[in-house]
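Full structure from sequences and hints, please.
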Amino acid sequence: MEKEIMLVPSSTELQELFREAHLAKHKAYCPYSKFRVGAALLATSGKIYSGCNIENASYALATCAERTAVVKAVSEGEKSFKKLAITSDVELGFTGPCGSCRQTLAEFGLDLDVYLVNAKNESKLYKLQELLPIAFTPSDLEKPRSNHDIMFIDFGLNGVGVAYQLSLLLNQLVIKLDGVN
45 MEKEIMLVPS STELQELFRE AHLAKHKAYC PYSKFRVGAA LLATSGKIYS GCNIENASYA
105 LATCAERTAV VKAVSEGEKS FKKLAITSDV ELGFTGPCGS CRQTLAEFGL DLDVYLVNAK
165 NESKLYKLQE LLPIAFTPSD LEKPRSNHDI MFIDFGLNGV GVAYQLSLLL NQLVIKLDGV
225 N
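Numbers in this note's numbering are just positions in the sequence shown, counted from 1, shifted up by 44.
Read the hints as simulated data drawn from the structure, not as lab findings. Cβ coordinates follow ideal geometry from the N, Cα and C atoms, glycine included. Treat the hints with care, since some could be wrong.
Said to hold, decoys possible - Result set (PhoX-like, lysine-lysine): computed pairs, CA atoms no more than 25 Å apart in a straight line: (1) Lys123 - Lys171; (2) Lys116 - Lys78; (3) Lys187 - Lys127; (4) Lys78 - Lys164.
As the list claims (entries may be wrong) - Ranges between beta-carbon positions, derived for each pair: (5) Lys123 - Glu48: 24 to 34 Å; (6) Ala163 - Pro75: 30 to 40 Å; (7) Leu212 - Glu46: 46 to 56 Å; (8) Ser183 - Tyr73: 10 to 20 Å; (9) Glu135 - Glu57: 22 to 32 Å; (10) Ser183 - Ala106: 43 to 53 Å; (11) Glu60 - Pro188: 40 to 50 Å.
So, in structure tokens, the structure goes:
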């Protein structure tokens with residue numbers, strides 16, 4: 045999945061999107077990792093929503109730049125997006141969205157253009173579908189479901205399950221039957 049590096053944004057729309065991502069990066073609150081990330085999300089309405097990463101002393105409560113941008117956009121009524129630019133201070137290589145951000149973005153469609161932008165403003169373009177190939181989307185909730193479950197019962201014998209217990213019982217029964225003439 046190696047992508048070509050784009051040295052210069054190919055349109056004024058992309059220039060603006062990249063600019064907003066870089067500006068957002070400078071607003072990042074990251075006293076723990078010191079790893080600044082900015083994101084800019086272009087809605088189909090034409091409006092750009094930016095976001096930065098916001099860390100917390102309780103690490104699990106941190107919010108990524110991409111999700112910050114999505115939350116801002118959705119809270120303003122947007123639910124359809126065209127492009128996303130993500131940038132960090134990384135000079136060599138690119139910073140991609142984490143799994144949680146990929147799943148959050150997938151909620152709104154897998155056809156999103158995702159631009160990974162480095163500190164030199166070079167970029168690589170991916171479709172969200174490429175970054176999250178087996179996504180769980182709202183359509184998965186509409187799929188037919190089974191009305192039966194396969195049950196595994198543990199009788200509490202040090203994790204030994206039903207199948208093993210049944211095989212032991214059957215072996216004992218066979219032994220007893222063999223003893224009867």
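Going down the list of hints, with the structure as the test:
Restraint check for Lys123 and Lys171: satisfied, since their Cα atoms lie roughly 18 Å apart, inside the 25 Å limit. Restraint check: the Cα-Cα separation between Lys116 and Lys78 comes to about 23 Å, which is no more than 25 Å; the hinted pair holds. Distance restraint check for Lys187 and Lys127: the Cα-Cα separation of roughly 28 Å exceeds the 25 Å cut-off, and the hinted pair is therefore not satisfied. Simply put, Lys78 and Lys164 have alpha-carbon atoms about 19 Å apart, close enough for the 25 Å limit, and the pair holds.
Taking 24 to 34 Å as the suggested C-beta distance range, the pair Lys123 and Glu48 conforms, at roughly 31 Å. Checked against the hint of 30 to 40 Å, the pair Ala163 and Pro75 fails, with Cβ atoms roughly 20 Å apart. A beta carbon spacing of about 55 Å between Leu212 and Glu46 agrees with the range 46 to 56 Å that was offered as a hint. For the hinted restraint 10 to 20 Å between Ser183 and Tyr73, the CB-CB distance of approximately 35 Å leaves it violated.
Here the CB-CB span from Glu135 to Glu57 is close to 25 Å, well matched to the stated 22 to 32 Å. Between Ser183 and Ala106, the C-beta spacing of about 30 Å breaks the proposed range 43 to 53 Å. For the hinted restraint 40 to 50 Å between Glu60 and Pro188, the CB-CB distance of approximately 44 Å keeps it satisfied.
The structure fails hints 3, 6, 8, 10 (numbered hints given earlier, in ascending order).
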